[in-house]
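*Asks:* For reference, the chains in residue letters:
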Amino acid sequence: GQQVMQIPQYQHVQEGEDFTTYCNSSTTLSNIQWYKQRPGGHPVFLIQLVKSGEVKKQKRLTFQFGEAKKNSSLHITATQTTDVGTYFCAGPYNNNDMRFGAGTRLTVKP
Amino acid sequence: GAGVSQSPRYKVAKRGQDVALRCDPISGHVSLFWYQQALGQGPEFLTYFQNEAQLDKSGLPSDRFFAERPEGSVSTLKIQRTQQEDSAVYLCASSLEVAGGQETQYFGPGTRLLVL
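Keeping their order, the protein sequence lines are chains B and X.
In terms of the numbering used here, the numbers along the first sequence are unbroken and rise by one, the last being 110.
In terms of the numbering used here, the numbers along the second sequence are unbroken and rise by one, the last being 116.
Treat the hints with caution; some may be incorrect.
No more than 20 angstroms apart at the CA atoms, straight line, and that leaves these computed lysine to aspartate or glutamate pairs for DMTMM-like [claimed, not checked]: (1) K70/B with D83/B; (2) K14/X with D24/X; (3) K36/B with E44/X; (4) K78/X with E68/X; (5) K57/X with D97/B; (6) K78/X with E97/X.
Derived from the structure by calculation, the hints contain no laboratory data.
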C-alpha cells in the first residue's frame, strides 16, 4: 500500500481563492516530487525538492519540503480555472520505487 | 520532441483474456517504469527497468503480470487471464538516468483497461 498520505482528498474553491495540499511520508525521503494530472490526462512533473526546509516557487505555486524531510506542501495563490486537476506528491522508496500519494483533486468555480 | 507513447489507449477485455500493453519511452531514456492507477487513486508502482534489465518487480500484483524490455527501449506489460480487478489505467514513465528517485519521470498517456 501507499506510504505517502495526502490531504485533503478534494478541494473546491472559488476562483481567486488560495489552495493548499499537504503530503506526509511515513519515512524520511531523499527528495519529494510534485505532479499535476488534468482530468483525463497523465501526471506531469511540476517540481522536485531535495533539501531540508527547501522552498521553491513557480509563479503562483509555492512548494515546501519539511525540515525532517517527511512532509511537504503545495500552495497555490489566487487560483485560476487552469489550475483544475489532481495534484500528487511522490517520494522514492527503496531506490526504484516511487510512491505516489492518492492526490488532492482541485476544482475551481469561476 | 516526441514524448512517451503508449498503445492501445483503450482496451476492453473479457475476463480470462490475455492482454499486452505497449510503451515507447523517450529515446535514450535509461529508466522505464510501469504504474497502475485505479480510479481516484495515485499511480502505484509495478515494475522498473534499467535499460533491458528488470531491476524491480516488487509491485506486480500477481504472477499473471509480466513485463519485458528486451532491447532496452520499447516495453510490454502483459497481463494473463485478466480479472475484473485488473481494470485500471496503466501508465508508463521514463527518465533519462538511472533511477535513484531523483530523476524527473515523463509519463505516457496511459492505457485504460476495462475487464468485463
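*Asks:* Determine which of the earlier numbered hints do not hold for this structure and return their numbers in increasing order.
*Replies:* The structure conflicts with hints 1, 2 and 6, although it agrees with all the remaining ones.
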